[in-house]
Each structure stands twice: as C-alpha cells, then as structure tokens.
Amino acid sequence: MLMAVTCTLSPGRYRLLLTIGGQPCATGWWDSETTARRKMTSWIGDWGQPGTTISLTDEETGTQLDAWPDEGTATSPATSG
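Residue 6 is where the sequence shown starts when you use this note's numbering, and the numbers rise one by one after that.
To be clear, the hints were calculated from the coordinates, so they are not data collected in a lab. Incorrect hints may have been included.
[Claimed, not checked] Label-pair distances were calculated between CB atoms; the ranges are:
{"hint": "1", "residue 1": "65", "residue 2": "26", "range": "27 to 33 Å"}
{"hint": "2", "residue 1": "18", "residue 2": "54", "range": "24 to 30 Å"}
{"hint": "3", "residue 1": "26", "residue 2": "50", "range": "17 to 23 Å"}
{"hint": "4", "residue 1": "63", "residue 2": "24", "range": "14 to 20 Å"}
{"hint": "5", "residue 1": "30", "residue 2": "75", "range": "18 to 24 Å"}
{"hint": "6", "residue 1": "56", "residue 2": "36", "range": "27 to 33 Å"}
{"hint": "7", "residue 1": "67", "residue 2": "39", "range": "19 to 25 Å"}
{"hint": "8", "residue 1": "18", "residue 2": "55", "range": "26 to 32 Å"}
{"hint": "9", "residue 1": "16", "residue 2": "55", "range": "17 to 23 Å"}
{"hint": "10", "residue 1": "63", "residue 2": "31", "range": "15 to 21 Å"}
{"hint": "11", "residue 1": "49", "residue 2": "16", "range": "18 to 24 Å"}
{"hint": "12", "residue 1": "67", "residue 2": "37", "range": "16 to 22 Å"}
{"hint": "13", "residue 1": "18", "residue 2": "56", "range": "16 to 22 Å"}
[Stated by the list, open to error] Below, a list of computed lysine to any residue pairs in the SDA-like style, where the Cα atoms sit at most 20 Å apart:
{"hint": "14", "residue 1": "44", "residue 2": "75"}
{"hint": "15", "residue 1": "44", "residue 2": "22"}
{"hint": "16", "residue 1": "44", "residue 2": "64"}
{"hint": "17", "residue 1": "44", "residue 2": "32"}
{"hint": "18", "residue 1": "44", "residue 2": "54"}
{"hint": "19", "residue 1": "44", "residue 2": "20"}
{"hint": "20", "residue 1": "44", "residue 2": "18"}
{"hint": "21", "residue 1": "44", "residue 2": "71"}
{"hint": "22", "residue 1": "44", "residue 2": "30"}
{"hint": "23", "residue 1": "44", "residue 2": "74"}
{"hint": "24", "residue 1": "44", "residue 2": "24"}
{"hint": "25", "residue 1": "44", "residue 2": "63"}
{"hint": "26", "residue 1": "44", "residue 2": "65"}
{"hint": "27", "residue 1": "44", "residue 2": "68"}
{"hint": "28", "residue 1": "44", "residue 2": "34"}
{"hint": "29", "residue 1": "44", "residue 2": "58"}
{"hint": "30", "residue 1": "44", "residue 2": "62"}
{"hint": "31", "residue 1": "44", "residue 2": "16"}
{"hint": "32", "residue 1": "44", "residue 2": "73"}
{"hint": "33", "residue 1": "44", "residue 2": "57"}
{"hint": "34", "residue 1": "44", "residue 2": "60"}
{"hint": "35", "residue 1": "44", "residue 2": "31"}
{"hint": "36", "residue 1": "44", "residue 2": "69"}
{"hint": "37", "residue 1": "44", "residue 2": "17"}
{"hint": "38", "residue 1": "44", "residue 2": "29"}
{"hint": "39", "residue 1": "44", "residue 2": "70"}
{"hint": "40", "residue 1": "44", "residue 2": "25"}
Beta carbons: idealized from backbone N, C-alpha and C, even for Gly.
Make a model of the complete structure from these sequences and hints.
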C-alpha cells in the first residue's frame, strides 16, 4: 500500500523520488534538507525492497544528494556521465 504525498503550489527545494520497478510511485518536497533526509530514512524503512529506488535531489542545484540503494552520491548533471 502506498501512502499519499501532499502537493503544494510551491514545492520545497529538496525532492525525494520513490520508484518501484522503474516506475515513479511517490514524490515528496521539503524546504529543509534535514527533514528530507529524515523522510528518506523513513521511506527506506517503509519501502526499501529489491526493485525499489529512492533518491534525494537538491532541485535548486540539480545535484543528487543521496540514493538508495547507494548509486554514488553528490553528482550533478554537469559532472556525471
């Protein structure tokens, strides 16, 4: 069962994206990086299973700050690939 994530007109700077089987399932936005990281830990506990990915991105800079499972962190679109 997936949880509902509320949407605001002005999303926060830090975005969590949950995918299952390569399909986006939930997105959350927070203004505080600390809060977003705490939510990421919670999402990993709730949804972490084979085939699931959870990423934390700073939407202001385009930098992926964290990912689960660990895919390498702190990469920006300009420097990755």
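For this session: Against the earlier hints, flag every one the structure doesn't satisfy and list their numbers going up.
Result: 9, 13
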